[in-house]
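Colleague: Chain by chain, the residues:
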Amino acid sequence: MISAHFLNTVQLGIKSLLVHKLRSGLTMLGIIFGVCSVIAMLAIGEGASFEAQERIKRLGSENIIINSIKPPEDNQQNASGNSFSVEYGITYKDVSRIQDTIPGVERVVPLRIIRENIRFDRNQESGQVIGTLPSYALVHNVDLVAGRFLTPTDEQFQRNVCVITEDLVRKLFPYQDPLKSSVRVKDSYYDVVGVVDETGSAEQRPQMGDSMGKAVDNNIYIPLSTARSRFGEMLVNRSSGSMSAERVELHRLIVRLTTPAAVISGERQIQHLLNHFHKKKDFELIVPLQLLREAEETKRMFNIVLGSIAAISLLVGGIGIMNIMLATVTERTREIGVRRALGAKRKDIIVQFLVETVVLSIGGGLIGVVFGIVVPLLVSWFADMKTIITAWSVLMAFGISGLTGIIFGIYPASQAAKLDPIDALRQE
Amino acid sequence: MVGHTQAADCTEVIRIRGVEKVFQVGEVLVQALRGIDLSIRQGEFVAIMGPSGSGKSTLLNILGCLDRPSSGEYFLGGEDVARMDDDVLSSVRGKRLGFIFQSYNLIPQLTVLENIQVPLIYQQEDLEEHRDRCIELGSLVGLSERLDHRPNQLSGGQQQRVAIARSLVNEPLMILADEPTGNLDSQTEIEVLGIINDLNKQGRTIVLVTHDEIVSHYAHRVIHMKDGLIDREVINEAQGVVS
Ligand SMILES: Nc1ncnc2c1ncn2[C@@H]1O[C@H](COP(=O)(O)OP(=O)(O)OP(=O)(O)O)[C@@H](O)[C@H]1O
Ligand SMILES: [Mg+2]
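If you read the protein sequences in the order shown, they are chains H and V.
Counted from 1, the first sequence has number 446 at position 410 by the numbering used here; the numbering is strictly sequential.
Counted from 1, the second sequence has number 39 at position 51 by the numbering used here; the numbering is strictly sequential.
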């Protein structure tokens, strides 16, 4: 009974709104944009943070990464021309110190990273030559596409072999089978024994990116012992006319700990240990677990900002609705008087106008939801960005749009109900 | 719900005593009614006439519970209207009174049938249940072919018939009409008055405000107003008085 009656009121409301189709449509626009932008922005944000978290997770939540960095005072020395070569960074001694003294360390994998041109035939790509141990595959997600990763024998005999990233394969070997070929770096040739897929693992990317500003994955992995003998520890850098040389033993360590709990205490202890043996601040610690937490915090902030934007846009939409409903009430004063004369109570008039506002806002909300789902799909289609539409964002945006209708409908509706029947009837 | 008066006549529908109505327009007070005494019995057809501005509409609005008197008493079916709150007045208007206005006052976005149904909505009635009766009311006023039309697709006379059908849907005690034929030509006026007269013959009380002498042929009693007072009453012998 009551629901049939209510349905009737809703029907009536829709009928009244359809009298002014354009006006109702324009009024809904505010809500449509509000709801659409909330869902779309949350989907894009969610997608971005998902990708960031994936990337961090690939770093390994049980890993601590230590990078060698050039201390700022060395740059100054260089500028004054006092020193030709600088020496900094993590050393082999650090590796054994960490391995021997830090509790909870499962293994330490050292990396030497050298920027060089990698050639095959007439093709040439700038990339990174990474010297590392076979155990690298144990601490880092290595997706073998073909062949094998480095082995202890490769390491032991300083073999000239390499494992190459898929991106690089595409550029260097458009037609040939890489596994039967060898690449050239400087004057040495390295037989390709494996191909890995590294898409999405950002930490191995060269920091600068290519000319398009897009990150690239031009890496080849060679045994650490080979890297040591081929490239030595002295890297000569010819840039902008001047020449400088750096002596760096290791560019990176990946420390794998046994548990995530050990990561937290391990970070402090490693920091302490390295501070003790390094006079200069020539290293940095990256803790993926920490980054993960920071990413989550960032996401939370992002959601708060989005929430505020959503609140503002829905507020604007709501004010638009209120404005129109106030105009409608003035315009339909006569109708209100007639209905009051025919037995409508104040409550009935309130319900009638409230239903109309809610129909407007929920209608706008529904259309907004549709757009809010379509827009992220278009974004991921055209901009190649990951977007994730969450059910809760849809429900929230939709719920808030309904709530907006009620909140901003109450005032016009109560204005309508306040009118005395006879005053309302006398209006022209 | 409300106590009876000392002298409640069971056939007396309306009883007003010393009703005054004062409007304030800025600084000026307008005395629209200056003390009206009037009783209307069940089944009576009363016409109210008088010059423009004499207070006819003001009186009818008070009788119809659309407005309250500034002073004086009003008993409707023995109940003191002054003691009714807004919700009670609304349901009195909806259930016991039917209104016919000079300007029809149909709701433009609704069809003829839906307009007839409007008073049912506010009595929480099931529209489907009463559908057949509403269609019947439509044909009673000669609009069975036009139930799906909207008010702006109808002539003035047809719109007024819809309004009549609408005033009947809740089977009211009394029908109040303020110049219902004021906007109609004389032919249509006769038709509409004929319908109203038939309703009276079926036992409904009619109070009708008019400028037109023709109406006095239908009414049992014609009340002439002047300057907010009842000037004189004329009993129409030809119609006879219903008791
Ligand atoms: N809402 C109001 N505010 C101020 N004055 C009013 C109001 N309603 C009526 N009046 C005044 O009360 C007096 C009676 O008005 P009323 O409408 O009852 O006259 P009427 O007899 O119906 O006239 P008509 O035949 O022209 O319809 C008039 O002087 C009018 O100006
Ligand atoms: Mg009048």
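Just so you know, not all the hints are guaranteed correct.
Claimed, not checked - From the derived model, a few chain V residues whose C-beta atoms are all more than 10 Å from chain H:
(1) Asp74
(2) Ser79
(3) Gly170
As the list claims (entries may be wrong) - Heads up, simulated DSSO-like pairs for lysine-lysine below, C-alpha to C-alpha not over 30 Å straight-line:
(4) Lys335(H) x Lys454(H)
(5) Lys51(H) x Lys315(H)
(6) Lys57(H) x Lys383(H)
(7) Lys51(H) x Lys214(V)
(8) Lys383(H) x Lys214(V)
(9) Lys381(H) x Lys51(H)
(10) Lys57(H) x Lys422(H)
(11) Lys51(H) x Lys317(H)
(12) Lys106(H) x Lys317(H)
(13) Lys335(H) x Lys381(H)
(14) Lys83(V) x Lys454(H)
(15) Lys83(V) x Lys381(H)
Said to hold, decoys possible - Derived coverage of chain H by chain V (criterion: at least 3 residues anywhere in the stretch with Cβ under 8 Å from a Cβ of chain V; other residues may be distant):
(16) 257 to 263
(17) 377 to 386
(18) 408 to 415
In case anyone wonders, no lab produced these hints; they're calculated from the structure.
Ideal Cβ placement from N, Cα and C applies to all residues, glycine included.
Colleague: Against each hint, give a clear statement of whether it holds in the structure.
Modeller: To see whether the hints hold, each was checked on the structure:
{"no.": "1", "hint": "Asp74", "result": "violated, 6 Å"}
{"no.": "2", "hint": "Ser79", "result": "violated, 6 Å"}
{"no.": "3", "hint": "Gly170", "result": "holds, 15 Å"}
{"no.": "4", "hint": "Lys335(H) x Lys454(H)", "result": "violated, 47 Å"}
{"no.": "5", "hint": "Lys51(H) x Lys315(H)", "result": "violated, 80 Å"}
{"no.": "6", "hint": "Lys57(H) x Lys383(H)", "result": "holds, 26 Å"}
{"no.": "7", "hint": "Lys51(H) x Lys214(V)", "result": "violated, 45 Å"}
{"no.": "8", "hint": "Lys383(H) x Lys214(V)", "result": "violated, 38 Å"}
{"no.": "9", "hint": "Lys381(H) x Lys51(H)", "result": "holds, 21 Å"}
{"no.": "10", "hint": "Lys57(H) x Lys422(H)", "result": "violated, 37 Å"}
{"no.": "11", "hint": "Lys51(H) x Lys317(H)", "result": "violated, 74 Å"}
{"no.": "12", "hint": "Lys106(H) x Lys317(H)", "result": "holds, 8 Å"}
{"no.": "13", "hint": "Lys335(H) x Lys381(H)", "result": "violated, 50 Å"}
{"no.": "14", "hint": "Lys83(V) x Lys454(H)", "result": "holds, 22 Å"}
{"no.": "15", "hint": "Lys83(V) x Lys381(H)", "result": "holds, 12 Å"}
{"no.": "16", "hint": "257 to 263", "result": "violated (count 0)"}
{"no.": "17", "hint": "377 to 386", "result": "holds (count 8)"}
{"no.": "18", "hint": "408 to 415", "result": "violated (count 0)"}
Of the numbered hints listed earlier, those contradicted by the structure are 1, 2, 4, 5, 7, 8, 10, 11, 13, 16 and 18.
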